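Heads up: the protein sequence lines correspond to chains L and U, in order. So that you can map any letter, position 36 of the first sequence is 35 in numbering that gives the first Met the number 0, and since no number is skipped, the others follow by simple counting. So that you can map any letter, position 125 of the second sequence is 124 in numbering that gives the first Met the number 0, and since no number is skipped, the others follow by simple counting.
Hints listed in this document are in silico derivations from the structure and should not be mistaken for laboratory results. Any given hint could be a false lead.
What the hints assert, rightly or not - Here are the computed distance ranges between Cβ atoms for each label pair:
hint, chain 1, residue 1, chain 2, residue 2, range
1, L, Gln54, U, Gln606, 34 to 40 angstroms
2, U, Gln228, L, Gln54, 36 to 42 angstroms
3, L, Pro58, U, Lys73, 32 to 38 angstroms
4, U, Glu297, L, Pro58, 21 to 27 angstroms
5, U, Gln228, L, Gln66, 37 to 43 angstroms
6, U, Gly697, L, Glu103, 46 to 52 angstroms
7, L, Gly20, U, Gln673, 34 to 40 angstroms
8, L, Gln54, U, Ala231, 34 to 40 angstroms
9, U, Ser265, L, Pro58, 42 to 48 angstroms
To be verified - Restricting the straight-line Cα-Cα distance to at most 25 angstroms, the calculated cross-link-like pairs of lysine to any residue (SDA-like) are:
hint, chain 1, residue 1, chain 2, residue 2
10, L, Lys43, U, Arg71
11, U, Lys305, L, Lys43
12, U, Lys73, L, Lys100
13, U, Lys197, L, Gln84
14, L, Lys91, U, Asp41
15, U, Lys549, U, Pro267
16, L, Lys43, U, Gln80
17, L, Lys100, U, Gln309
18, L, Lys91, U, Pro267
19, U, Lys305, L, Ile94
Being a predicted model, the structure only gives us computed values, none of them experimental. Just so you know, even glycine gets a beta-carbon here, dropped at the ideal spot from N, CA and C.
Listed below are the residues making up each chain.
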Amino acid sequence: MLILGTILILVVICLFALWLGFQRRQEAAVVGASGAQEATIIVKGAYQPNVITVQAGKPVALTFDRQEAVECSRYVTIDGLKIRQDLPANQKTTIRFTPEKPGEYTFTCDMGMYQGRLIVQ
Amino acid sequence: MHCSSCSQLIELALRKTKGVQSASVNVATERAHVEFDEQAVDVPTLEAAVKKVGYGAQELKAGGADVERAEREKDMAITKQKFLVALALSVPVAILSMGMYIWEGIEDVPYRSWLQLILTIPVMFWCGWQFFTGFWGALRARTANMDSLIAIGTGAAFLYSVFVTFGAIAGELYYEIAAILIMFVLLGKWLEARAKGKASEAIRSLMQLQAKTAIVVRNGQDVEIPIEQVVAGDVVRVKPGQKVPVDGNVLDGHSSVDESMVTGESLPVEKQAGDAVIGSTINGSGSFTFTATKVGSETLLAGIIKLVEQAQASKAPIQRFADRVSAYFVPAVIAISLITFIAWYFLAGEPFVESLLAFVAVLVIACPCALGLATPTAIITGTGLGAQKGILIKGGEALEAARKIDVVVFDKTGTLTHGKPVVTDVVRFSGSGHQLVGGLAEDDILRLAAAVEQRSEHPLAAAIVNGAKEKKLTLPEPQDFQSITGKGVSATVEGKKFLLGNRALMADAKVSLGGHDSNVEALEHQGKTSMLVAVDGAFAGIIAVADTVKQSSKLAVEALAKLGIQSVMITGDNERTANAIAQQVGIQEVRAQVLPQDKSAAVKDLQAQGKRVAFVGDGINDAPALAQAELGIAIGSGTDVALETGQIVLVRDDLMDVVRAITLARRTFRKIVQNLFWALFYNVAGIPIAAGVFAGIGLTLRPELAGLAMALSSVSVVSNSLLLKRVKL
Chain L
0 MLILGTILIL
10 VVICLFALWL
20 GFQRRQEAAV
30 VGASGAQEAT
40 IIVKGAYQPN
50 VITVQAGKPV
60 ALTFDRQEAV
70 ECSRYVTIDG
80 LKIRQDLPAN
90 QKTTIRFTPE
100 KPGEYTFTCD
110 MGMYQGRLIV
120 Q
Chain U
0 MHCSSCSQLI
10 ELALRKTKGV
20 QSASVNVATE
30 RAHVEFDEQA
40 VDVPTLEAAV
50 KKVGYGAQEL
60 KAGGADVERA
70 EREKDMAITK
80 QKFLVALALS
90 VPVAILSMGM
100 YIWEGIEDVP
110 YRSWLQLILT
120 IPVMFWCGWQ
130 FFTGFWGALR
140 ARTANMDSLI
150 AIGTGAAFLY
160 SVFVTFGAIA
170 GELYYEIAAI
180 LIMFVLLGKW
190 LEARAKGKAS
200 EAIRSLMQLQ
210 AKTAIVVRNG
220 QDVEIPIEQV
230 VAGDVVRVKP
240 GQKVPVDGNV
250 LDGHSSVDES
260 MVTGESLPVE
270 KQAGDAVIGS
280 TINGSGSFTF
290 TATKVGSETL
300 LAGIIKLVEQ
310 AQASKAPIQR
320 FADRVSAYFV
330 PAVIAISLIT
340 FIAWYFLAGE
350 PFVESLLAFV
360 AVLVIACPCA
370 LGLATPTAII
380 TGTGLGAQKG
390 ILIKGGEALE
400 AARKIDVVVF
410 DKTGTLTHGK
420 PVVTDVVRFS
430 GSGHQLVGGL
440 AEDDILRLAA
450 AVEQRSEHPL
460 AAAIVNGAKE
470 KKLTLPEPQD
480 FQSITGKGVS
490 ATVEGKKFLL
500 GNRALMADAK
510 VSLGGHDSNV
520 EALEHQGKTS
530 MLVAVDGAFA
540 GIIAVADTVK
550 QSSKLAVEAL
560 AKLGIQSVMI
570 TGDNERTANA
580 IAQQVGIQEV
590 RAQVLPQDKS
600 AAVKDLQAQG
610 KRVAFVGDGI
620 NDAPALAQAE
630 LGIAIGSGTD
640 VALETGQIVL
650 VRDDLMDVVR
660 AITLARRTFR
670 KIVQNLFWAL
680 FYNVAGIPIA
690 AGVFAGIGLT
700 LRPELAGLAM
710 ALSSVSVVSN
720 SLLLKRVKL
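So that you can see chain U by itself, here it is in the shape it has in the complex (with noise of 0.2 angstroms):
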């Protein structure tokens, strides 16, 4: 859309179209509001009239976090309104049945029974009347849930009332249990469903993070657009203070970006031309223009949250055992209830009424929401938690696995190590018997050395031009430039021969090293490749080059072994630079010259030395490794991140969230099982009370207490697996 004509345009098109009530099109937003009749027009037609008239249009869909927060938060107040309604009924009915205990003279209030039953029946039948039709559909598939417990102990005790109401039995009323329970229990899904909501609080804020539109660069001007009409290829400018819509490489400007919503990198990132960008994230106040690359389903975030979802759709293979239990726990419970009643009446010889309610409070007690509550919600806090720190835990098995690991075998290059080899050392010779060359300094060797490498494409040559770049050392033009395979390069720079490689284009040259030998052994002893420098024939210097150690990786492996797990590095590399690397870090176990093709084979070996093995790489050359490893680790930087590998991923360049994730893994599990061993106590515990076992030694329970009890037991396993949120990371 140009202008307000083709708005016009648009807006005639849908009009007119059948089924179509009211249409109006913004020109500045780009966004069509249409009422229709759904019996008559759906969205694909309206599409379609736009695209005839020479238009595009696709349907906004609603953020599915926000309808989700919203159906929660209907579904709340709801609830909370029941409870407040049974809270003020089962009061004033409690007190009539009650009060007498506390002023005499309640047992003189006239229709004193009638007015409980009238009282009570709101509670019944419309605060809880969703345990009624629960019990109904339940029965239908000839099954039985939690809603046929609640709906037979109130029914069974408001059904004895009313027909000591009516007259037609001589005993006790006992309204105040059936409305007290169905409070307590609407008291406890009150909470439950807060608490559920705080549980799932992550995945809706990483929602949340989304731009809503996008300032692209169209025609020369800029032109806001909602963010589903950006396209990759798009040049989008950010301004200061602005989100970042969509991940994509700055093109032009520079600024520093906070990433911490998606990597968990708590210090701004500095960005320019030619740096990745990841949507969402928070520009500072510099401002720049980026090429979009991945839009919509594709950016980082959309992965993270698809993964997220994932986890949380996963089980843990604990809750396997759960759900096996809670499949046949209720009919269990309804059968001892019935067996408890029969005891107390027919053997024990106890009054209808006691054994009533023994009945009752054995069917109330029983929670097995606890036991089903007990793996989820450990598993959507834990893996939420772990999503804001870049840790992205794929599901309750890599939670189990990352409990039992005792070994971790890490990559070297790339995850130990930058990946990119980088010059470490200048080394410049002058005299025992040689001539300072022309008076070249170590910036010189590193300038000539860098003019002559740019014209290769050797790997470490582009380590040497980069370094004499960041130096901002301006190179000259090489002539007469020279591959010579296997042994290194040689060229005329500014009048001087040049010569640049190993020892054996030195011998070829007949280039003496004049005894610095051993300065060539030292730097390759500690891992760095030696290249020698030639020039006009005298040997004027040593360049070396390696690859250098991540800065959190020592600080990863000393925390492992605090962790009490062995840290390994395995490496393609020779014997020499992996111990020199090893050394640096800290690592004992060096496993070298070991081809990427083997290294599943070496993680196999581990195993079979009885070790669980988690291992850490890049993802991208090492998946089979990854999959191999009891927990397998991956580890990216930003945008780069291989998200399908691994079961746990890591989405920021830091050995110490290894440490991290492991650590969030352990705490998590250990909840679950505490969790799901409270909530087994609970029930093995509290049903015998219930059913009056211990009556004996005095000790039993009213159904209202028991209900509490109930209503408080799944309350509190979801508070317990809150408290993850506190675990410092």
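Bound conformation, chain L alone (with noise of 0.2 angstroms):
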């Protein structure tokens, strides 16, 4: 029992280092149609995909597609950006914005349990 006990511990270990290493899911914006960096963004239990990135000094099109009704998804926060963005529930919402610094921008909800991030490269 007692090493089967210590055994099972380490898995849980294990797995959650595992996570920390996978839970990074990337995507590139795409150029639309309309000439902005485009990508979407399901809000469902979390933000999928949670990292986008966009090329710097040129418009960025972001639609979070909520498809959920709970409070704490409603707002979404781009640090860095001053943007804030009122989240209708079961809607797209489309952000337009062109970043200009290079860097690494996250995107939360209010209570920082969804998290994303903008690679401006």
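With the hints as a guide, bring the two chains together.
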């Protein structure tokens, strides 16, 4: 029992470490018909994908497809770009902006439970 | 639109458009109500149809605040309903499960376990369904969130009980844990949503200030039109008690206007021809017309709303730490809960049920929400409160900067002083060997000097002319006006030869000051500029002109000193003038003769001494200094305020607002720190207790109580932020 317990604890720790490595999910934005760099993020329990890569100095159109109604994910805040957007439940909301400075900007829900990163190159 | 035939024409045009089901146009309100098939036609097409028949149309957007509020209220109503249903069902579950401690007969209730199952199912899968969908969404994104914790926790208790009910395993039932947990979490969510609604009330009330209609004068007639149709240049009429619809300048009439909602100024402000009026302020008992200068998104109120929205979208640097913790929090808690179970069951050899309860308790006590809510709720409450008082804090960084400030540098002209020279003294000389010039009184000197100066374009001339006008003196026309560059002016007024200027002008004209040099020097020592007056070749008097200190300057410097903040004055003036002003306001350290472009270097200099500097200026010509300082505070007056510069903008021309802004920023920041501390402390203390680390000393926690603690922890963080509203500024 003691050995089994120890092994199981080690398994849990390994799984946690594996999760840390696998949680990053990147997707570069694609230039769409409007000429802007476009990406769609599904908001359902998390942001999916949660890493978006765009080019600096070019317009970006991020569409948040909120497929739930829980209060938590109602607002998305892009830190450093002064954007806080109300995302109506079960609707797509597009945020348009042009990031000037390269760098990493995190976007989160109001409570920081849903997190994503916008990488501006 | 002029008449009902116009409205009929537009109605017809709209109805003919493909996809339109019905259209009605109201000529009085100039609004069209159109029902159409969104698949077949869109709003621009409808606008084009109206344009084609010779009119204009634009979509009337519902106020963002109203929509938001309606949605929030709807959400809250649903959560409340789910909570009440969960409460109604979980109480009988709890009685069936634990009632035997009060009445033993409960054990004999037939089908007791099945009854509990049937009562718990709607709580789990209707009231608490959102937690399972959230869990599933996160799982698909290969992550975990708050819902994961609740779903796994309640799911484990529920599934275990189902197995017992169906006889798959022997043991006790724990339906009440699942049901009560969901009830508590919903209660927490409902209370939290209510408190969050209160926190964002400020911006909503700003948005609701906006007038809906305006009376404009068109073709000599008053027409009431929707506010969206007012354009710059329109002449707008404001009747007693009405709202000023947009920004503009008074054309005719006078009244007093309550501007408190926009600038925070508590006393009504007198308005007459030429004065600026601010949209959304409330007119008093007078009536006036004004020319609209800024409409729609350009008005001061619209600028303020945008600024507050942006501030609320910003994060304090300290929040980034909380975000980093949150990112790993939930998976870490799931790992800890698994380890807890394994440790109790496999290592300590405890029964399965006890180990499972500890596992559930760890899952449900962990509350990353409190951590996440710590900063935004404080920022939203603090910036909202500031906006209502005319103090616009642009975001989290300003809050952190304000905490550390130890020096406030004030720009002199226009900040500590009014920035406009005014006549402060009129001195008349007679006797002491000089004849009293034609029996001139002080008012005569001012009147004649103003008569001469009305031809001059020198800034000091305007001060003298305004001084005479304030005393309602009638100015005669001057003859033979001459401007002597760098010295002064001369003219003949009412038959007298008049000279007005500096000492050099008097020396040239061989006018002796006759021992009055000391009077001139005394005035100059007070930081005033002396204009010497000679009439018919004899020295007649002095008119002193100076930029005067604002009433609030001295109070602000004193209040800052009480906060432990040193005040420094910076100015382009010479040392004598600078020191005179500094003395009046109680400032010890003065930097004089600093050119506008060197102000930021002066700030840098202070920073090099290890000081953390706030710079207070009008934001127009001192933008580099505002940017260089750790905290830039731009101060304005009503519509002239430079909203884009500085990290804090003061709408009202009151230097006490500098003190209020710093106090508010510090208090808000303190709230953030308190919230973060309690949220962290709660989790750090709560998780080990739930895991049974202190079981040895008898300290354990039932999962239901762990869930209640979790629900209350986020409510307490939001409530703590709301206490900011009580800060007296």
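Violated hints, by number in ascending order, as checked against the structure: Of the numbered hints given earlier, those the structure breaks are 11, 12, 18, listed in rising order.
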